[in-house]
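Participant: Spelled out, the chains give:
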Amino acid sequence: MGGGSYSGDVAQRTRSTSESIVRARSQRASASERRECHPDLNPKGKNRECADSVEHPKTTPIVVAMDVTRSRGEDIAVIYGKLPMFIGQIIMKNYVPDPTISFAAVGDASSGDKAPIQVGQFESDNRLDEILSKIWLEMGGGGTGQESYELTAYYYALHSILACNRRGKKGYFFFIGDEGFYPIVAKDQIKVWIGDDVPRDLPAVDVFRKLQEKHHVFFIYPQKTWEERRADIDAEMQQRVEAAGGLYRGVFSNQ
Amino acid sequence: MNEELKYTYDQIMQAVRAEDIFGMPVEGQDILETVKKIYRKLSMVVHPDRHNNDPDTREMAEEAFKRLNEFYQKAESKIEQGVYGTHTEENGSAKRGNGFVIKTRKRKYRITSTIAQGDIAIVYGGDCIGGDDFSGKVAVKVAENPEDNDLIQNEVRILRLFQTEPSKQSKHLPVMLDQFKTSENQLGTVLRYLDAYDWYSVREKYPNGIPQEHAAWMLTRLLSVLGYCHSKGVVHGNIEPAHLMTSPKDHNVFVIDWCYAGSEFKVLNETYSPPEVKERQTSTPAADLYSLGKCLIYLLGGDVKRNTMPYGVDQRFQRFIQFFVRESALQRAQDAWEMYGKLMELRTEIWGQPRFIEFSM
Chain Z
15 MGGGSYSGDV
25 AQRTRSTSES
35 IVRARSQRAS
45 ASERRECHPD
55 LNPKGKNREC
65 ADSVEHPKTT
75 PIVVAMDVTR
85 SRGEDIAVIY
95 GKLPMFIGQI
105 IMKNYVPDPT
115 ISFAAVGDAS
125 SGDKAPIQVG
135 QFESDNRLDE
145 ILSKIWLEMG
155 GGGTGQESYE
165 LTAYYYALHS
175 ILACNRRGKK
185 GYFFFIGDEG
195 FYPIVAKDQI
205 KVWIGDDVPR
215 DLPAVDVFRK
225 LQEKHHVFFI
235 YPQKTWEERR
245 ADIDAEMQQR
255 VEAAGGLYRG
265 VFSNQ
Chain P
89 MNEELKYTYD
99 QIMQAVRAED
109 IFGMPVEGQD
119 ILETVKKIYR
129 KLSMVVHPDR
139 HNNDPDTREM
149 AEEAFKRLNE
159 FYQKAESKIE
169 QGVYGTHTEE
179 NGSAKRGNGF
189 VIKTRKRKYR
199 ITSTIAQGDI
209 AIVYGGDCIG
219 GDDFSGKVAV
229 KVAENPEDND
239 LIQNEVRILR
249 LFQTEPSKQS
259 KHLPVMLDQF
269 KTSENQLGTV
279 LRYLDAYDWY
289 SVREKYPNGI
299 PQEHAAWMLT
309 RLLSVLGYCH
319 SKGVVHGNIE
329 PAHLMTSPKD
339 HNVFVIDWCY
349 AGSEFKVLNE
359 TYSPPEVKER
369 QTSTPAADLY
379 SLGKCLIYLL
389 GGDVKRNTMP
399 YGVDQRFQRF
409 IQFFVRESAL
419 QRAQDAWEMY
429 GKLMELRTEI
439 WGQPRFIEFS
449 M
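Protein chains in written order, with my numbering: chain Z, 15 to 269; chain P, 89 to 449.
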């Protein structure tokens, strides 16, 4: 949503959403203030299936896996608040047939998060709201510059059963995050969080490749965070350059 | 927008006869000169050319300027006939009909018909006694039971809020002229009569639904007015076909009956209220958008329960409207102005540049 140039009938560019919707949303968010993974979202020993039905004969699975660690800061709440509208907009725009969404939350299994992987069932109606309200925004993570995206990738690569794959189609998988993944999927973590016995650690690259067999995979890196980071990096560079007696201001590169 | 324009706009829109604007004649003064002087002064304020910087303000000024000129012409002709300033019941439009008379501190109204029987109030039609023909028609809304006075008063409060901040959306909202209390303690509100059809009447005229392009301009304007109201923190809370009106000749729409407006749900309409009303959740702008979507489906000749629309309605337009009526309050359209922008784009995509097509009733 957003964007587009408004003209004519609209007097101001202010959003017309009043305070009350914001309150309603934050009430929803606070409903998820439990201190553990909700049983419905615990993927251990379970598959997530996106099946065709009479009502939805050509399901298009869409996974939205959000990084819910602390480094994501405030904008996770913004994304979280807007996610329910996602399904309505996809249908309105007719982007894909019978969109069916699975929400997932990604934490950091290597930094002691209590719920590094939370996975919702594939749904296309009001139940999506319920799932979102059950997601625990743990806000963990360990400042390593990495989160356990690869663990979530492993889960969906091996434990999502998609009817569309049988029709020769792939689902759409969106990670929303701001850090890197760990280079290996640790077999211990797979055992603890997902319940599979694997003989050895798996290279994350292979797991993502496997995920790509079922899904078109995208990583969404929120622009705002990137700009903020660049500003941080620029400031740091300026400090270093100037401390070394160099010239920072007024020096431009066309590259 | 400057305060002077706001004030003058309100003054002109509240007037029911030329004398309300140009004043009563004073002995020893040339009344025509006085009227001309006041006219010149006011037209300086509301002349559209003085508001070229902002198209929205300009549109408001145009509306006020047009009305001012109507009053000015009326004043001239009254002066010529020697009746300016006379305050007899024979004057103006109220000379017809019998009916009963309501007297308030401000003026008298003659009630001549019953327009509607609502769930809490009766709406009568009538005239301001002594009002000018083009501006004197009123709708008088009276609570059936004093227990519902709070709802009548709630509408007054909301309309006042809108009237103190006039905008180009003002032309889509009821104009409140006066208030009174009956001897039985029922509250009454005098509103300017709207020369328009409610959507039940429109659908009666078009039993198979109205053409989709008409539905599109109506929806555009309604999104604009709801966007304005929501930005003032007001959710209508009771949008249904009886509370939406269309004026065919100038492509205007009105959102009426603000009795239930506010920040919490006060009323449930089985067909048009969103599910969250039953669940007694906080009212949100998305609730109005749900009801609006349902009304559109009705107007297009669709099935309001199943959210389906006739085959001839463009699939893209159908999906757009269906986005409004999703059961989940969080999954549907949230922001009227955002949807307004989307609809403008969609209209161009489907039907090309917006054009005026005559809508007949």
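Wrong hints could be hidden among the right ones.
The calculated EDC-like cross-link candidates involving lysine to aspartate or glutamate, where the alpha carbons are at most 20 Å apart (straight line), are [as the list claims (entries may be wrong)]:
no.: 1; chain 1: P; residue 1: Lys366; chain 2: Z; residue 2: Asp139
no.: 2; chain 1: P; residue 1: Lys154; chain 2: P; residue 2: Glu364
no.: 3; chain 1: Z; residue 1: Lys96; chain 2: P; residue 2: Glu364
Think of the hints as simulated: they come from the structure by calculation, not from any bench.
Please read all numbers here as calculations on a predicted model, not as lab measurements.
Participant: Straight-line Cα separation of lysine 96(Z) and glutamate 364(P) no greater than 20 Å?
Facilitator: Distance of about 18 Å is within 20 Å: holds.
Participant: CA of lysine 154(P) to CA of glutamate 364(P), is that 20 Å or under?
Facilitator: violated, 43 Å
Participant: Assess, step by step, whether the Cα of lysine 366(P) is no farther than 20 Å from the Cα of aspartate 139(Z), and give holds or violated.
Facilitator: At roughly 18 Å apart (the allowed maximum being 20 Å), aspartate 139(Z) and lysine 366(P) satisfy the hint.
When the structure is compared with the earlier hints, a violation turns up for hint 2 alone.
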